[in-house]
Structure formats: C-alpha cells, structure tokens
Amino acid sequence: MSTLNWLDWLVLLAVVITIAAWFIRFLRRLAKPGCASSGGSPASCEGCRGCDVPKGPLR
Amino acid sequence: MTEQTFTVALLGNPNCGKTSLFNLLTGARQRTGNMAGVTVTGREGVREHQGVTLRFVDLPGIYSLSHNRVEERVARDYLFETPPDLVLNVVDAGNLARNLALTTQLLEQQLPTVIAVNMLDEAEAQGIAPDCDELSALLDLPVLPSDGRKPRFLELLLDTLVARLQTDAQASVLAIGYEKHVEGAITRLTGTGLERWQAVQALESGGDVPFVLFDQQQALLQSEISQLESYHDDSAAQLIAEGRYGFIHGLMHNSGSDHDELSFAEHWLDSVVLNRWLGLPVFVFLLWFMFETTFTLGAYPADWIDAAVSGLGQWVADGLPDGLLRDVLVDGLIAGVGGVLVFLPNVVLLFTFIAIMEQSGYMARAAFLTDRLMSRVGLHGKAFVPLVMGFGCNVPAIMATRTIEEPRARLITILINPFMSCSARLPVYVLLAGIFFADRAGTVMFAIYMLGILVAFSVAAILSRTIPTQHDESFIMELPPWRVPSLRSLGLHVWDKAGDFVAKIGGVILVGSLLIWLLQTFPLGAEQSLLEQLGHLLAPLFAPLGFGWQETVALLSGFIAKEVIAATLAVVYQAGEQDLAGLQAALLAGLAPAAGLALMVFTLLYMPCLATIAVIRRETGSWRWALLSIVLGLVLAWGGAFITYRLGSLWL
Chain A
459 MSTLNWLDWL
469 VLLAVVITIA
479 AWFIRFLRRL
489 AKPGCASSGG
499 SPASCEGCRG
509 CDVPKGPLR
Chain B
161 MTEQTFTVAL
171 LGNPNCGKTS
181 LFNLLTGARQ
191 RTGNMAGVTV
201 TGREGVREHQ
211 GVTLRFVDLP
221 GIYSLSHNRV
231 EERVARDYLF
241 ETPPDLVLNV
251 VDAGNLARNL
261 ALTTQLLEQQ
271 LPTVIAVNML
281 DEAEAQGIAP
291 DCDELSALLD
301 LPVLPSDGRK
311 PRFLELLLDT
321 LVARLQTDAQ
331 ASVLAIGYEK
341 HVEGAITRLT
351 GTGLERWQAV
361 QALESGGDVP
371 FVLFDQQQAL
381 LQSEISQLES
391 YHDDSAAQLI
401 AEGRYGFIHG
411 LMHNSGSDHD
421 ELSFAEHWLD
431 SVVLNRWLGL
441 PVFVFLLWFM
451 FETTFTLGAY
461 PADWIDAAVS
471 GLGQWVADGL
481 PDGLLRDVLV
491 DGLIAGVGGV
501 LVFLPNVVLL
511 FTFIAIMEQS
521 GYMARAAFLT
531 DRLMSRVGLH
541 GKAFVPLVMG
551 FGCNVPAIMA
561 TRTIEEPRAR
571 LITILINPFM
581 SCSARLPVYV
591 LLAGIFFADR
601 AGTVMFAIYM
611 LGILVAFSVA
621 AILSRTIPTQ
631 HDESFIMELP
641 PWRVPSLRSL
651 GLHVWDKAGD
661 FVAKIGGVIL
671 VGSLLIWLLQ
681 TFPLGAEQSL
691 LEQLGHLLAP
701 LFAPLGFGWQ
711 ETVALLSGFI
721 AKEVIAATLA
731 VVYQAGEQDL
741 AGLQAALLAG
751 LAPAAGLALM
761 VFTLLYMPCL
771 ATIAVIRRET
781 GSWRWALLSI
791 VLGLVLAWGG
801 AFITYRLGSL
811 WL
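From first to last, the protein sequence lines are chains A and B.
Residues 459 to 517 (the numbering used here) make up the first sequence, in order.
Residues 161 to 812 (the numbering used here) make up the second sequence, in order.
Bear in mind the hints are in silico, worked out from the structure with no lab data behind them.
Residues of chain B clear of chain A, computed beta-carbon distances all greater than 10 Å:
(1) 209
(2) 239
(3) 243
(4) 288
(5) 449
(6) 745
(7) 787
(8) 800
Some but not every residue of chain A turned toward chain B, in silico, with C-beta under 7 Å:
(9) 466
(10) 469
(11) 473
(12) 476
(13) 477
(14) 480
(15) 488
Just so it is clear, CB atoms sit at the ideal spot from N, CA and C, and this is done for glycine as well.
Turn these sequences into a full structure, and let the hints steer you where they fit.
Spelled out as structure tokens, the structure:
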C-alpha cells in the first residue's frame with residue numbers, strides 16, 4: 459500500500475464509494491415496501507418497472 | 161380563463177388495440193403485445209386539445225364487467241367508484257360482435273360513451289368493416305373509425321371527444337329485452353331499490369358487484385339465480401349473455417356489419433401453426449431460427465462495438481501513466497462494461513424477434529399450442545406470458561405472475577421462472593458458444609434455451625405434485641387475428657428494451673466490474689489477488705465440472721447480475737487492451753470445450769440474481785421460497801454441469 463500515490467488513493471476511494479453506494483441503495487430499495495405492496499397503485503409505487511399488476515404479494 | 165380538465169377512460173377487449181391508441185393519444189411509450197394481459201391496471205396520460213385537458217386512463221383489457229377476474233374487477237370498480245367524464249370504448253372492427261358485448265354493458269350502466277372502431281384497415285382488407293354511421297345512428301352515440309398505429313383519425317377522435325364532453329350530452333340508455341324469466345327477476349330486483357343495470361350485473365356476476373347489496377337483496381338475488389337455473393338448466397349469466405348477443409346480432413344485421421370470415425391466408429397459417437402434428441415442430445423451428453439469427457446477424461454490429469471498445473481501451477492505456485487510474489479504466493471499466501456492451505446487438509435482435517412474435521399474433525397461438533402441455537405439468541394457461549417474459553428479465557416476469565389468481569399455480573410459475581433464460585445470460589452464451597462451437601453457435605444456444613424450458617417444466621411437474629392443490633381457475637384464451645407488426649410499435653418496444661440493457665450496464669454491471677477489478681488488484685504486490693485466493697478456495701467445488709478459479713469467481717460474481725459473468729471473465733483474463741478475439745483465445749487456452757458447455761449449463765440453471773431473489777421473496781412473502789429457489793438452482797446447475805462436462809468430455 460505504501461506504493462500508492464495520492465491519485466491512486468483517490469481512485470481507490472472513488473471505487474469503494476461507488477460500490478458501497480450501489481449496495482446501500484439496493485438494500486434500501488429492498489427494505490422499502492415497493493410496488494409489490496402498493497396494490498398496483500401508481501401513487502404508492504416506487505417507480506420500478508414492471509409494476510403493472512393489481513394484486514399484492516402471494517400469502 | 162379556467163382550463164377544463166376531463167377524464168376519459170379507455171376500455172375495450174384484450175387485443176383490440178386499446179394500448180396502441182392510448183400511446184397515440186398520449187404519446188406515452190409502453191409495451192403493446194398482441195396477447196391478452198398486456199395492460200393489467202390503469203395507466204394515465206394527458207393531452208391538450210382545443211384548450212381542454214384530456215386525462216386518459218388506460219384500463220385493463222376485459223371481456224365483461226360482470227365476471228370475477230382480477231382485470232375485470234379493476235375496471236368495474238374504477239368505473240363505479242370514480243366514474244370518468246367519458247368512456248372511450250375501443251372495439252376491434254374484425255371482432256365486432258364479441259367486442260360489442262362489453263359495449264352493451266357500458267350502455268346499460270348509462271355511462272357516457274364514445275365508440276372507437278379500431279383496426280378498421282384490417283377489417284376493410286377482409287371486407288368485414290362495419291358501417292360506423294349506421295352503428296352510430298342505431299346506438300345513438302358517436303361511433304368513429306380509429307387506428308392505433310397511425311394518427312390518421314386522431315383529430316376527428318379528439319374533436320368528437322371534446323365536443324361530447326363540452327355539450328354535456330346525456331348518455332344513451334340501452335335496455336336489452338332479456339328472456340321473460342330473466343326480465344321477471346330483473347323486475348323483482350329493481351323493486352328492492354336496485355337500478356336495472358345493477359340488477360343485470362348482480363344476476364350475471366352471482367352477486368359479486370361493486371355496489372352494496374343489502375341482506376334482503378342478496379337473499380332475493382340468490383333465490384332468483386337458483387330459480388332461473390332450475391327453469392332453464394342454464395346459469396343466469398348464460399341467459400343474460402344470450403340476450404346480449406341476440407341484441408348484438410340484430411344490431412350487426414341492421415347496420416350491415418354481420419360478416420365474420422377469416423381470409424384464406426389466415427386460415428392457412430392457422431391450419432399450420434395450430435396443427436396437432438405440425439404446430440410444435442414449427443414452434444421449435446422458429447425458436448431455433450431466432451437464436452441462430454440472433455447469433456449470426458448480431459456478430460456484425462458486435463464486431464464494430466468490439467473494435468470501438470478495444471480501440472478506446474488501447475487509447476486510454478497509451479495515454480495514461482501507470483497507476484490505479486489507468487488500471488481501473490482499462491482493466492476494470494472498459495474490460496468489464498465493454499465486455500458486456502458488445503453483446504447489445506444480440507440482445508436487441510432477441511427482443512426484436514420476441515416482439516415480432518407477440519405483435520404478429522403468433523405468441524398467442526404458441527400459448528394455445530403449449531397450453532395442454534403446461535396443464536399436464538401443473539401450470540396455468542396464464543403462466544405462458546410470465547414465462548415468455550422471463551426470456552427478457554425474470555424480475556418483471558415474476559411480478560407478472562400476479563395475474564394468476566390460483567396461489568399454487570402462481571407459486572410454481574414464480575419458482576420455475578428463473579430457469580427461463582433471461583437476456584442477461586445471453587452474453588455468456590454468445591461468448592462461450594462463439595468460442596467453442598463457432599459453426600454451430602446458434603444451435604447450441606437454442607439447445608441451452610430448450611434445456612431451460614425442459615428443466616422449468618420438469619420442476620413444475622414435480623412441484624405440482626408436492627405443493628397442496630387449491631381451487632382451479634378458469635382461463636379464456638383468445639386467438640387474435642394475424643397482423644403485420646407496426647414498425648413504430650416494434651421500434652419503441654425494442655428501443656425500450658435496449659435502453660434497459662444499457663441502463664443495466666451503467667448500473668449493476670459497472671459496479672460488478674469495479675468490484676471484480678478491486679478484488680483482482682489487491683493486495684498490491686502479493687502473489688495472489690483476493691479474487692484469486694477466493695477462486696482457489698472455492699475451486700475444488702467446481703473442479704469436477706472442469707472449471708478453473710477464473711470461472712469459479714465469474715460464477716460467483718454472476719450472483720449480482722448474470723451479465724457480470726461475462727464482465728468478470730473479461731476482467732480476469734485482462735481483456736481491457738485486447739479485443740473480443742483476444743478474450744476468446746485466452747478462454748480457449750484455459751478451458752476445455754466440454755467445460756465451456758458445462759459453464760453455459762451452469763449459468764442457465766444456477767441461482768437467480770440478486771434482484772430476482774428479492775422479487776421472489778417479495779412476491780411469495782417468505783424467505784423460504786427464495787431460499788428454495790437458490791438451493792434448487794444450485795443443485796440442478798451443479799448436477800447438470802457435471803453430467804454435461806462428463807458426457808461432453810467423451811465427444812468434444
């Protein structure tokens with residue numbers, strides 16, 4: 459690691475932040491009710507694609 | 161000046177071209193497929209015309225307001241609870257009698273209606289075009305020609321809608337004369353305070369209505385239904401349907417629209433593709449042709465993209481000094497993202513073929529053809545659409561299973577959907593088939609897809625015997641007329657799909673490539689990177705399948721998204737400065753052909769990607785089924801790849 463210069467550290471930081479941000483966003487979306495619980499109502503939908511069906515999740 | 165806003169609900173049978181007309185009216189881009197079930201809930205779009213704001217609501221395609229299917233409930237409840245200012249009833253000129261059955265219900269309910277006679281050009285070509293003016297005069301409401309594919313009647317339609325809305329015209333009142341016992345029942349029910357249309361709808365639906373029925377009315381209704389059935393040995397719904405069709409035939413006759421003939425070419429096509437013996441071979445041939453063309457035609461533009469990507473890689477590599485920035489751009493982003501981007505033409509071609517089959521009317525016939533087979537393995541007829549959607553992406557396909565009301569059939573369809581090879585897996589197949597089976601790449605890809613279907617059906621057959629059976633659900637299958645797909649609709653559909661693929665490249669695949677690059681690069685100066693260490697740790701599990709550590713980590717990364725497998729192979733074989741041929745040569749040197757085939761089988765069958773697992777968990781409401789899907793996939797993939805590798809080693 460001692461061979462890394464400031465630009466390398468910056469690149470490394472950017473890569474780690476990008477990956478972490480994507481996974482955090484993914485997990486947050488997973489935790490939200492989303493369209494599966496919206497009962498097909500566009501108003502309560504998270505805006506994901508494919509939410510064009512009225513019935514809720516299978517129970 | 162106050163701007164007026166009116167709500168216009170579009171309602172019609174499935175496949176009447178309603179969604180295309182909605183797109184034309186609102187400029188919206190949404191999927192239009194020539195099969196039942198494209199629009200399942202309302203979508204909205206707005207258009208200004210003559211200073212008036214028209215808010216269009218596209219309701220699901222339905223046959224009746226009185227049946228108890230999900231789509232019908234959605235439309236019926238909408239019309240009752242939030243009545244629109246006007247209903248734009250879209251009817252298919254080629255199937256007028258069937259389409260008018262819904263119209264009669266709207267008119268009985270006294271909903272202000274304008275009728276748009278769609279697909280008139282097809283009806284005209286067949287010589288069965290109805291006379292709109294005559295129909296208009298007989299029904300006492302505007303009946304207009306319309307064309308969902310071209311804007312030729314759009315101005316007339318919009319002018320009529322605005323005029324109708326601004327004049328506050330009274331809705332036409334339609335009172336169909338039913339059979340005398342039915343009329344008696346209607347009279348007795350209206351005596352309890354119900355309106356005539358409410359009495360008819362209650363009789364038709366067996367009491368499942370959007371309005372409140374008091375106990376006394378409910379009791380009388382059930383008694384009337386029983387009496388009608390005992391008099392006629394037929395259901396009340398059937399008796400009312402007979403009344404409706406009697407009226408419609410009279411209307412058709414009086415307006416000079418009572419012709420119902422298929423053209424010779426349509427007859428001939430149907431006699432081939434629906435033939436008991438020929439139908440299935442034709443279907444299989446078309447699938448083979450689709451994959452063969454996807455591979456061979458896609459190779460040309462793929463080569464151009466590949467040349468551009470490798471040129472960019474070379475340019476960046478030459479222009480930047482040694483360091484992590486150069487590495488991440490060349491070996492991470494350009495190798496990974498570029499490694500998947502080259503397969504965009506193949507994906508576009510695959511979606512074009514699927515869209516042509518949908519819009520031409522062939523897909524509905526394929527559904528009809530496979531229905532018996534599907535029911536034998538415990539699948540519902542409605543499962544066909546979600547399964548075909550699975551060729552695109554398993555996430556919306558699993559969500560589309562919500563149209564299957566029977567929980568067991570729905571659960572089975574959800575669990576087998578990941579075996580329908582999604583487009584994310586296509587880059588892996590194209591890459592590997594191109595390397596190891598260059599002359600027969602299309603056929604190998606076709607065989608892989610067929611294996612997916614075979615496994616899906618086999619798993620469905622097993623699951624249908626182990627998951628407890630619940631009630632059966634009826635299924636109406638419609639065979640739409642043959643149509644030449646509209647270039648505009650086809651283009652929009654494929655553009656949307658290509659956009660999705662590119663968006664995915666800019667999202668999950670970019671992140672996957674960065675992650676793989678990170679694990680491949682660190683720790684700096686060590687003998688083995690983290691990725692290699694991980695690969696070597698897990699490699700013994702995959703060694704019986706002929707895979708090395710590179711393929712092991714590629715499969716591991718595919719858990720994020722299946723395209724990342726191709727991206728990872730590109731990164732671990734450091735193809736950033738090479739072109740596709742360089743990666744192919746590296747893979748050919750590192751992997752036996754039988755192992756290459758086994759890798760394709762493993763990619764086909766192993767656990768669903770992250771997003772698919774999440775949607776399975778959501779849709780089933782339980783981690784148990786998501787976990788079963790993962791385990792099932794892994795076990796089948798390992799077993800399938802093992803058999804493929806061992807048998808393949810004997811011949812390849």
